[in-house]
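4 protein chains.
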Amino acid sequence: MNVLLIGDVIGRTGRRAVKSVLPKLIEELNIDFVVLNGENLAHGNGITKSVFQEMIEVKVDVITSGNHTFDKKEVYEIIDDERLLRPANLPPSAPGKGFNVFEKNGYKVAIINLMGRAFMGMVLDCPFRKFDEIYEIIKGKVDYVIVDFHAEATSEKQAFGYYVDSRADIVFGTHTHVPTADERFLPGGTAFISDVGMTGALDSVIGVRKDEIIKKFISGIPQKYEPAEGQFIFNSLYVNLKDRNLKRIQIKE
Amino acid sequence: MNVLLIGDVIGRTGRRAVKSVLPKLIEELNIDFVVLNGENLAHGNGITKSVFQEMIEVKVDVITSGNHTFDKKEVYEIIDDERLLRPANLPPSAPGKGFNVFEKNGYKVAIINLMGRAFMGMVLDCPFRKFDEIYEIIKGKVDYVIVDFHAEATSEKQAFGYYVDSRADIVFGTHTHVPTADERFLPGGTAFISDVGMTGALDSVIGVRKDEIIKKFISGIPQKYEPAEGQFIFNSLYVNLKDRNLKRIQIKE
Amino acid sequence: MNVLLIGDVIGRTGRRAVKSVLPKLIEELNIDFVVLNGENLAHGNGITKSVFQEMIEVKVDVITSGNHTFDKKEVYEIIDDERLLRPANLPPSAPGKGFNVFEKNGYKVAIINLMGRAFMGMVLDCPFRKFDEIYEIIKGKVDYVIVDFHAEATSEKQAFGYYVDSRADIVFGTHTHVPTADERFLPGGTAFISDVGMTGALDSVIGVRKDEIIKKFISGIPQKYEPAEGQFIFNSLYVNLKDRNLKRIQIKE
Amino acid sequence: MNVLLIGDVIGRTGRRAVKSVLPKLIEELNIDFVVLNGENLAHGNGITKSVFQEMIEVKVDVITSGNHTFDKKEVYEIIDDERLLRPANLPPSAPGKGFNVFEKNGYKVAIINLMGRAFMGMVLDCPFRKFDEIYEIIKGKVDYVIVDFHAEATSEKQAFGYYVDSRADIVFGTHTHVPTADERFLPGGTAFISDVGMTGALDSVIGVRKDEIIKKFISGIPQKYEPAEGQFIFNSLYVNLKDRNLKRIQIKE
Ligand SMILES: [Fe+2]
Ligand SMILES: [Fe+2]
Ligand SMILES: [Fe+2]
Ligand SMILES: [Fe+2]
Ligand SMILES: [Fe+2]
Ligand SMILES: [Fe+2]
Ligand SMILES: [Fe+2]
Ligand SMILES: [Fe+2]
Numbered sequence: 001m002n003v004l005l006i007g008d009v010i011g012r013t014g015r016r017a018v019k020s021v022l023p024k025l026i027e028e029l030n031i032d033f034v035v036l037n038g039e040n041l042a043h044g045n046g047i048t049k050s051v052f053q054e055m056i057e058v059k060v061d062v063i064t065s066g067n068h069t070f071d072k073k074e075v076y077e078i079i080d081d082e083r084l085l086r087p088a089n090l091p092p093s094a095p096g097k098g099f100n101v102f103e104k105n106g107y108k109v110a111i112i113n114l115m116g117r118a119f120m121g122m123v124l125d126c127p128f129r130k131f132d133e134i135y136e137i138i139k140g141k142v143d144y145v146i147v148d149f150h151a152e153a154t155s156e157k158q159a160f161g162y163y164v165d166s167r168a169d170i171v172f173g174t175h176t177h178v179p180t181a182d183e184r185f186l187p188g189g190t191a192f193i194s195d196v197g198m199t200g201a202l203d204s205v206i207g208v209r210k211d212e213i214i215k216k217f218i219s220g221i222p223q224k225y226e227p228a229e230g231q232f233i234f235n236s237l238y239v240n241l242k243d244r245n246l247k248r249i250q251i252k253e
Numbered sequence: 001m002n003v004l005l006i007g008d009v010i011g012r013t014g015r016r017a018v019k020s021v022l023p024k025l026i027e028e029l030n031i032d033f034v035v036l037n038g039e040n041l042a043h044g045n046g047i048t049k050s051v052f053q054e055m056i057e058v059k060v061d062v063i064t065s066g067n068h069t070f071d072k073k074e075v076y077e078i079i080d081d082e083r084l085l086r087p088a089n090l091p092p093s094a095p096g097k098g099f100n101v102f103e104k105n106g107y108k109v110a111i112i113n114l115m116g117r118a119f120m121g122m123v124l125d126c127p128f129r130k131f132d133e134i135y136e137i138i139k140g141k142v143d144y145v146i147v148d149f150h151a152e153a154t155s156e157k158q159a160f161g162y163y164v165d166s167r168a169d170i171v172f173g174t175h176t177h178v179p180t181a182d183e184r185f186l187p188g189g190t191a192f193i194s195d196v197g198m199t200g201a202l203d204s205v206i207g208v209r210k211d212e213i214i215k216k217f218i219s220g221i222p223q224k225y226e227p228a229e230g231q232f233i234f235n236s237l238y239v240n241l242k243d244r245n246l247k248r249i250q251i252k253e
Numbered sequence: 001m002n003v004l005l006i007g008d009v010i011g012r013t014g015r016r017a018v019k020s021v022l023p024k025l026i027e028e029l030n031i032d033f034v035v036l037n038g039e040n041l042a043h044g045n046g047i048t049k050s051v052f053q054e055m056i057e058v059k060v061d062v063i064t065s066g067n068h069t070f071d072k073k074e075v076y077e078i079i080d081d082e083r084l085l086r087p088a089n090l091p092p093s094a095p096g097k098g099f100n101v102f103e104k105n106g107y108k109v110a111i112i113n114l115m116g117r118a119f120m121g122m123v124l125d126c127p128f129r130k131f132d133e134i135y136e137i138i139k140g141k142v143d144y145v146i147v148d149f150h151a152e153a154t155s156e157k158q159a160f161g162y163y164v165d166s167r168a169d170i171v172f173g174t175h176t177h178v179p180t181a182d183e184r185f186l187p188g189g190t191a192f193i194s195d196v197g198m199t200g201a202l203d204s205v206i207g208v209r210k211d212e213i214i215k216k217f218i219s220g221i222p223q224k225y226e227p228a229e230g231q232f233i234f235n236s237l238y239v240n241l242k243d244r245n246l247k248r249i250q251i252k253e
Numbered sequence: 001m002n003v004l005l006i007g008d009v010i011g012r013t014g015r016r017a018v019k020s021v022l023p024k025l026i027e028e029l030n031i032d033f034v035v036l037n038g039e040n041l042a043h044g045n046g047i048t049k050s051v052f053q054e055m056i057e058v059k060v061d062v063i064t065s066g067n068h069t070f071d072k073k074e075v076y077e078i079i080d081d082e083r084l085l086r087p088a089n090l091p092p093s094a095p096g097k098g099f100n101v102f103e104k105n106g107y108k109v110a111i112i113n114l115m116g117r118a119f120m121g122m123v124l125d126c127p128f129r130k131f132d133e134i135y136e137i138i139k140g141k142v143d144y145v146i147v148d149f150h151a152e153a154t155s156e157k158q159a160f161g162y163y164v165d166s167r168a169d170i171v172f173g174t175h176t177h178v179p180t181a182d183e184r185f186l187p188g189g190t191a192f193i194s195d196v197g198m199t200g201a202l203d204s205v206i207g208v209r210k211d212e213i214i215k216k217f218i219s220g221i222p223q224k225y226e227p228a229e230g231q232f233i234f235n236s237l238y239v240n241l242k243d244r245n246l247k248r249i250q251i252k253e
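Chains as they are written, first to last, in the numbering used here: chain A, 1 to 253; chain B, 1 to 253; chain C, 1 to 253; chain D, 1 to 253.
Honestly, I wouldn't trust all of these hints.
If several chains are the same, the list does not tell them apart, and a pair holds so long as it fits within one copy or across any two.
Dumping the calculated BS3-like pairs for lysine-lysine here, alpha-carbon to alpha-carbon at most 27 angstroms [to be verified]: (1) 49 x 97; (2) 224 x 130; (3) 252 x 24; (4) 224 x 49; (5) 49 x 216; (6) 72 x 24; (7) 97 x 216.
These are calculated hints, taken from the structure and not from any lab test.
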């Protein structure tokens, strides 16, 4: 099975990048399954029904998310869509679901969305034990297990990778919006990358207009952040699970 | 001028990697100047005279540092060595210096060491304004300006890159211990990478033995961290400032 | 000189408490000078012209603030009013001023507003050195120096108190919204309290409706916070600088 | 039943304060049960067998703890003592226990130790749901439920108080080392205080020698912290659960 993992897609420019690049990639690389982190799809923060459908239309199979899942109230319209995931280690009372099993092209694939806790300042259960719990449910019932680990700290991301090494087939990190160059198969066989990186405007600070972010760091006064526009950069990780190879795919407009 | 930037070098395995790889790289790539972040040289945390000299002997020109500079008391023996820098935006009363000008192969180069503040939990002055201050001192008196920006948050790193774009010749990030794949020349001409990544044991969590780190995330009980050993990975960024090209160089043992 | 220090006043209920309690206190205790932290005056976050004037009308002399100063854009209408302060250790480019000298009843009083940095996640200069800087300007030119130290960490608050002990006449902490019972004169003579506590609705979580805050801690999903209403609690510190005594004054409706 | 709650006791001076003050208080106030937070008993950080026994000898019934429980390895010698608790919301694999039921003077009392998560940077399960879980076990089997909620953020402490209001008989906060003046019975009947405050040297920064803490805030360089010595301050909360009254008791040497 060939999988394409896409990280945080930022606003209109990010969606344009996906629509412009993804169909060709699916064809050229014979992709079976596409997972995309959508927490920043709607004007940089949150997910609405219309941006969700824009991604589904270009053959994204599952949309994962993270700390921005509930930023826009409109997400409640689609939170029960089986293709939308929010972090599985949100407390049990949170709406939505954190993992699901998908069947496609003859494969059964479990997609799990988890968040790290270091530096995140959020109310979250332990992602390590939550993985154990989910794994007990799906073990032996699926062909592949793929985890979007949405986190800030590199130590927590790599620790998680080793913790689930051999149990998960792919762990791809998201959230920092910067691609890492540490993609590899861990000793137990799990394909791992600390962060896939964002897809959005190239000339930006992690997808956001740079002037306001710089102004905040200089002045200390909160600024209104807007997704940047212009030339895009598309970041993704390609994994061929049968032949066991993997490759970062970065496309600049 | 050809420059090689090396990120956080972790303990004995990291030092072994540098000693095994650097001499050949200097020759093959015709390197004029080597900057290496040494905050983790001494058994994973801090810098001592002996590890400092090990690096100087293999032709590292300048050793920068970060949040771990003062972890080992022995650093005070070398803190006034002109080749050792600590973050320039530590408060003025901190020992050591945060930038210096070096002459080599006919070039005059200013090396500046700064730290970001987001998530760092440290007492630090503003790195943006500190750069402005230092730049006023060195402007017009050096051929090149190189900054080691030691920071956690990708937004602060990229914001800093744009803030000094065209004033600095190179901004290379350190501290996360994971190389990023976003190296490029910014619009104003500054060579930039969010993080060079660590040099140390490959089979590790950011250079540290993985079992203890995983145990800490699972149990909540503080563990003793030790640098990992075994096969090394060497991460660096090569920048040719004359021809304006740059390339990540990653070497696995 | 008799001084009354009032901490964070929360929304409509807090303003009602001040208006109901302050006039009598001023008369009974023969108060010369009233300082009030106003960062939560306007519906729990920020300051507008109308709430500012409500406080001035009941004889508040100076309104200090903190991390919420700029939450409502309307603050820009009054930011240059000489009676409104924002933290002095915001970066120099921030609008407004961080200290001012006031003359009243024959006394010249400097009021300084500073913020601590631990756990605040804000871009701030060093409050210790900023005090030194301001003190050099006002030294010998005023009768009294009063500091609102707006901060989270008790260690930073107490460290600051000792640092300025004998130079400042009063250091009163704000921000945690809970009064502390550690008011006293430090060895050098500075009247000190870690936090004056909030003035607002008694049946609340730090002045805010408790249901939403509890829901956030349980569910992990961000909630809309509203200032609580109902019976008020008024917290303040009274300091008689001539006779050198001080007393917390807490009034429940 | 009359209960005395003592917060973080700091090093030798704190132990001296307890030994000098507690026996008289027990007699004068007819105390049935004493709970003391011991995370800082052993030279400011951690707990050893000898300091544990010093406290037991002066009739402390239960010793709770917090983020410093495991700072000294010697704690493992006593971690299974039934009178020693560590936070119940540490992960399940942590050694020790987070609550226990005690019988004394004809009363059955459950003591629960929990930690808040905001600003704590630790790996912890949800204290709200952990309380629910423990409450299901002890409900109807004990006369009284007392919780030491060890936490930094005032909002989390007060939210917890309301969350367990009527289920717990007493919630006393610890960890900030500064007593708060918000002790009261919540609407549902729970006796509550945000923080009992520390017991230790008065002339100190939260029990620690002030010079090193000030130096850290000024210089940015880590310092060695030592518990302060000299005149002590003893902080506690007295609760009479039968007559439903409560009173902070603060004694200065
Ligand atoms: Fe994101
Ligand atoms: Fe995110
Ligand atoms: Fe490092
Ligand atoms: Fe570092
Ligand atoms: Fe505040
Ligand atoms: Fe406030
Ligand atoms: Fe603590
Ligand atoms: Fe403590």
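To see whether the hints hold, each was checked on the structure:
no.: 1; hint: 49 x 97; result: within (17 angstroms within a copy, 45 angstroms between copies)
no.: 2; hint: 224 x 130; result: between (35 angstroms within a copy, 25 angstroms between copies)
no.: 3; hint: 252 x 24; result: within (14 angstroms within a copy, 33 angstroms between copies)
no.: 4; hint: 224 x 49; result: both (24 angstroms within a copy, 22 angstroms between copies)
no.: 5; hint: 49 x 216; result: between (31 angstroms within a copy, 24 angstroms between copies)
no.: 6; hint: 72 x 24; result: neither (31 angstroms within a copy, 47 angstroms between copies)
no.: 7; hint: 97 x 216; result: between (35 angstroms within a copy, 18 angstroms between copies)
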